[in-house]
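Turn these sequences into a full structure, and let the hints guide you.
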Amino acid sequence: MTSNAARDADVVVVGAGAVGLAIAAQLARTHSVVVLERHESYARETTSHNSGVIHAGIYYRTGSLKHRLCIEGNPMLYEWCEAHGVGHRRVGKLIVALDGDESGALDAVLAQAQANEVVGIHPITLEAARDLEPHVPATAALYSPNTGIVDQVGYARSLESAAREAGALFAYHHEVTGVARDLDGFVIEARDADGHATTLRTSALVNSAGHGAPAIATALGYPLDGGEGVPMLRQHVNRGAYFDVVGARFARAVSHLVYPLPRPQLEGLGVHLTLDLDGALRLGPDTAWWGDDAALDYRSDATRQAEFLAAGRRLLPELEAEDLAPGQVGYRPKLSGPGEPEADFLLWHDRGYVHLGGIESPGLTASLPLARQVAALL
Numbered sequence: 038m039t040s041n042a043a044r045d046a047d048v049v050v051v052g053a054g055a056v057g058l059a060i061a062a063q064l065a066r067t068h069s070v071v072v073l074e075r076h077e078s079y080a081r082e083t084t085s086h087n088s089g090v091i092h093a094g095i096y097y098r099t100g101s102l103k104h105r106l107c108i109e110g111n112p113m114l115y116e117w118c119e120a121h122g123v124g125h126r127r128v129g130k131l132i133v134a135l136d137g138d139e140s141g142a143l144d145a146v147l148a149q150a151q152a153n154e155v156v157g158i159h160p161i162t163l164e165a166a167r168d169l170e171p172h173v174p175a176t177a178a179l180y181s182p183n184t185g186i187v188d189q190v191g192y193a194r195s196l197e198s199a200a201r202e203a204g205a206l207f208a209y210h211h212e213v214t215g216v217a218r219d220l221d222g223f224v225i226e227a228r229d230a231d232g233h234a235t236t237l238r239t240s241a242l243v244n245s246a247g248h249g250a251p252a253i254a255t256a257l258g259y260p261l262d263g264g265e266g267v268p269m270l271r272q273h274v275n276r277g278a279y280f281d282v283v284g285a286r287f288a289r290a291v292s293h294l295v296y297p298l299p300r301p302q303l304e305g306l307g308v309h310l311t312l313d314l315d316g317a318l319r320l321g322p323d324t325a326w327w328g329d330d331a332a333l334d335y336r337s338d339a340t341r342q343a344e345f346l347a348a349g350r351r352l353l354p355e356l357e358a359e360d361l362a363p364g365q366v367g368y369r370p371k372l373s374g375p376g377e378p379e380a381d382f383l384l385w386h387d388r389g390y391v392h393l394g395g396i397e398s399p400g401l402t403a404s405l406p407l408a409r410q411v412a413a414l415l
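Under our numbering, think of the first position of the sequence shown as 38, with each following residue one higher.
These are computed hints drawn from the structure, not numbers from a lab.
Be careful, since some hints might not be right.
Each pair of labels, with its calculated beta carbon distance range [what the hints assert, rightly or not]:
#1 116 / 332: 35 to 43 Å
#2 99 / 409: 19 to 27 Å
#3 141 / 224: 50 to 58 Å
Even for Gly, the Cβ is constructed at its ideal location relative to N, Cα and C.
The structure is reproduced here in structure tokens:
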């Protein structure tokens with residue numbers, strides 16, 4: 038891609054989540070970049086409403102983008118956090134069997150992790166598992182030492198700062214209302230919070246708008262269900278709720294991430310125990326399909342307490358209802374719908390347009406190598 042003086046920018050990036058910010062920081066080193074974000078600041082949706090886990094690449098289909106970019110992104114993210122003072126901790130993760138019938142499933146997870154060349158994951162003895170997490174009734178366990186946690190908003194802040202230092206411009210509270218191609222690029226219409234319209238002309242357009250990505254693709258005339266060289270662009274919204282473990286007796290009771298084995302009848306990895314950087318413990322997320330066009334409701338949800346208590350007691354048998362308080366809610370943009378096989382990330386390029394679809398977990402971990410791939414396309 039070459040710079041064009043008649044353009045307002047070489048590249049417009051839509052979306053200021055972790056992935057969009059990583060792309061902006063990467064591209065701004067060599068191109069003029071404008072970032073459009075409909076919210077008042079960065080990281081207001083998927084980036085800030087998840088578990089903040091630095092994944093190791095265990096579960097993903099071998100050779101998929103999720104697998105390859107997670108494996109590459111794990112050490113890159115740790116290095117970035119060290120270099121930029123972003124809060125993080127390599128806490129490690131236990132994947133636990135909770136009865137003897139699950140030992141075969143644990144072996145299958147280990148085999149997948151080994152096929153994915155996950156660094157350091159290994160089985161540990163029952164005694165070692167109980168030494169690491171005495172409150173968890175594991176019958177067998179795997180240990181992943183390179184799984185960790187990160188301050189997601191702090192990470193986003195560091196990316197935004199890097200992008201600004203490289204010359205990127207940010208337009209917050211600017212929602213894209215129209216996109217069209219012209220002879221050598223794109224014309225983008227955006228509207229700010231006061232209703233004022235802005236027109237931008239750019240040579241390239243990166244659509245990293247998360248839940249808003251399909252609408253931008255539609256505005257450009259791409260069929261959401263694919264066809265004639267266009268991949269499936271339609272996304273589905275999957276809601277994940279959390280409950281905070283607030284009982285004082287569980288303060289500092291868990292020091293690692295603890296995941297049950299994935300259960301075939303459930304979508305996702307199942308409700309698990311996660312930590313934040315202050316050591317606070319929470320359960321989640323669960324999975325529930327949300328209307329694809331419905332507004333995202335981030336209010337805490339107390340209605341799932343019984344289900345969370347049952348799931349939590351598998352990992353912490355002493356848990357009681359009064360130990361739980363409704364926590365955050367997040368939404369995953371998914372390319373696979375109810376009952377469909379788990380879809381990979383979508384990274385698609387067409388004549389200066391780059392579309393990122395279904396960037397759910399492990400999108401945070403994969404954000405830096407994903408940005409490099411986008412830069413290579415342009």
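**Hints breached by this structure** = none
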